[in-house]
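Visitor: According to this note's numbering, numbering within the first sequence proceeds without interruption in unit steps and concludes at 293.
I should point out that these hints are in silico values taken from the structure, not numbers from a laboratory. Just so it is clear, CB atoms sit at the ideal spot from N, CA and C, and this is done for glycine as well. Watch out, some of these pointers could steer you wrong.
Pairwise CB distance ranges (calculated) [as the list claims (entries may be wrong)]:
#1 Ala145 with Asp25: 26 to 34 Å
#2 Pro204 with Glu159: 14 to 22 Å
#3 Ala39 with Thr268: 51 to 59 Å
#4 Pro274 with Arg166: 26 to 34 Å
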Amino acid sequence: MPELPEVEVVRRGLERWIGGRTVADVEVLHPRAIRRHLAGAEDFAHRLKGRRMGAPMRRGKYLWLPLADSGTSVLAHLGMSGQLLVKSEQAPDEKHLRIRVRFTDQEGDNPGAAPGTELRFVDQRTFGGLSLHENTPDGLPDVIAHIARDPLDPLFDDEAFHQALRRSRSTIKRALLNQSLISGVGNIYADEALWRAQLHYERPTATFTRPRTAQLLGHVRDVMNAALAVGGTSFDSLYVNVNGESGYFERSLDAYGREDEPCRRCGTPMRRRPWMNRSSYFCPRCQRPPRLS
DNA sequence: CAAGGCTCCTGATAGC
DNA sequence: TGCTATCAGGAGCCTT
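Go ahead and model the full structure; you've got the sequences and the hints to work with.
Guide: Structural data, given as structure tokens:
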């Protein structure tokens, strides 16, 4: 399940292998993968053809490739199971290959790019996709203007986030997953940060003091940076790793997926609770539920 | 308008 | 063995 660290690993891989290359043609193999491109697959392919890819950007779990001299960007979201792979044109198609982008690799294109490779969007569960959008004056695809800056963005405003928590009548995990308050946090890193901060997922946001918010944000950043550090080992190959679930950071998880296993802090068996059509993992001793009002 | 619930999708796995 | 139920969950959209 790609969250901010996994998407950042992908962004770095794209920066190395795709940035600066010119699109030769695009093949859309599944309509759902471009459903956010309302004009359709043909339009998507047509508009990309002949365009040069700029440096890939990221905000939260979204990443985008600006198309040179067009004021537009290819926006990508990996959803649950999406992968952006740089593969040899000769490699056999993946079972869930949805979109293929080929490049011209002519003189003047990215010298670091590996010729003979193509970009593939592979997505088993089709929650993710690619689309093309106009950029806002900030260089952001217009459809993600509502996505907040992420906690690794130097311009993320800690104080504004704290004030938003104070104003809200929601609970902390909902707030962490609310991409218009803070982006890039998904179910896994939310549980990890809450475990580190020793906070129950249903603590009302209005009860947060400034130090408590600061501490939680610190843990969010720490766990994401730790994941990023480990994920950083795998992106110097032609494979742009997005496989966060089976990969490198799983063994470092302290909360997510650890039902009935001992809390790494106090030894109490960890619990799983159904929550918002998914699960929350927590330590019943370190992360006490808030008193009901 | 804010908050919370529903829904899209496929494959792995559990249970009968 | 083969069927069905359950679970995984990001985010747009809908309801309250």
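Visitor: Evaluate each hint against the coordinates.
Guide: How the hints compare with the structure:
1. Ala145 with Asp25: 26 to 34 Å: Because 30 Å falls inside the window, the suggested range holds.
2. Pro204 with Glu159: 14 to 22 Å: Holds, since proline 204 and glutamate 159 (Cβ atoms, about 19 Å apart) stay within the stated range.
3. Ala39 with Thr268: 51 to 59 Å: holds, 54 Å
4. Pro274 with Arg166: 26 to 34 Å: Distance hint for proline 274, arginine 166 holds at roughly 28 Å.
Hint compliance for this structure: no hint is broken.
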